[in-house]
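Asks: Sequence:
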Amino acid sequence: SLEKAVAEGRGICTRKRDGNQHTIVKDDTGKWVMYSSTMAPSHKDDPGIPWLERYPKIHEGLKKLNVMNGTMLVGELVAAFEQDEAGFDIDDMNYVSTIVKSKKDEALEKQDDGGHLSFSIYDIIFLSHQPWYAEKEYQARLGMIHELVAAAKDPHVIHVEMFVGDRILHAGGSEALPAE
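All letters in the sequence shown, in the order written, are residues 3 to 182 by our numbering.
Don't read these hints as lab results, they were simulated from the structure. Watch out, some of these pointers could steer you wrong.
Below, a list of computed lysine-lysine pairs in the DSSO-like style, where the Cα atoms sit at most 27 Å apart [stated by the list, open to error]:
#1 K46 with K65
#2 K155 with K46
#3 K106 with K59
#4 K65 with K106
#5 K155 with K18
#6 K18 with K59
#7 K6 with K65
#8 K46 with K103
Using the sequences and the accompanying hints, generate a full structural model.
Replies: And the structure:
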């Protein structure tokens with residue numbers, strides 16, 4: 003049971019972020035490409051301008067991830083400029099929505115003024131062309147995401163917050179024990 007797994011330190015839970023779902027692929031040429039939740043390669047009002055041109059800080063952060071070509075990541079565009087008393091990010095979905103709905107130049111200007119979005123990874127679908135969604139348990143995929151994000155050390159490419167046994171893995175890769 004889930005209760006038994008948690009009590010034994012084998013349970014893992016994630017916290018749903020309040021953002022905008024996107025998929026990011028490192029293609030066969032090593033180029034990072036972002037797709038919307040409907041798999042559109044660009045904003046409907048900015049056709050031909052790739053999503054990642056709107057999110058340069060995320061793009062820079064992705065380049066720090068040590069993954070092979072043929073990798074597909076799924077996550078949320080998020081904005082969190084403060085944390086609650088337990089250290090969890092407080093998401094600002096309204097801010098994310100205004101950025102995502104804006105054309106490229108406006109999106110860049112808004113982020114320069116109000117803060118850049120981050121990409122919170124919550125799953126690895128393919129890793130080096132291998133179908134991890136089918137071959138690896140979710141816990142193993144989350145573990146790999148945590149390792150990749152912790153090694154990249156970039157505030158704009160983060161992982162979903164996780165509860166693993168009695169540990170909390172915060173979005174940027176830091177660990178904490180639950181408050182007593």
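Asks: Look at each hint and say if it fits the structure.
Replies: To see whether the hints hold, each was checked on the structure:
1. For the suggested pair K46 and K65, the alpha carbons sit about 26 Å apart, so the restraint of at most 27 Å is met.
2. Restraint check for K155 and K46: the C-alpha separation of about 32 Å exceeds 27 Å, so the hint is violated.
3. Of the supplied pair hints, the one linking K106 and K59 holds, its CA atoms being roughly 14 Å apart against a limit of 27 Å.
4. For the proposed pair K65 and K106, the alpha carbon gap of about 21 Å is at most 27 Å, so the pair holds.
5. This hinted pair checks out: K155 and K18 have alpha carbons roughly 22 Å apart, not beyond 27 Å.
6. Only pairs whose Cα atoms come within 27 Å are accepted, and K18 paired with K59 is accepted, the gap being roughly 22 Å.
7. Among the hinted pairs, K6 with K65 is inconsistent with the structure: their alpha-carbon atoms are about 39 Å apart, more than 27 Å.
8. Our distance criterion of 27 Å between C-alpha atoms is met by K46 and K103, whose separation comes to about 9 Å.
The structure does not agree with the numbered hints 2, 7 stated previously, though it agrees with the rest.
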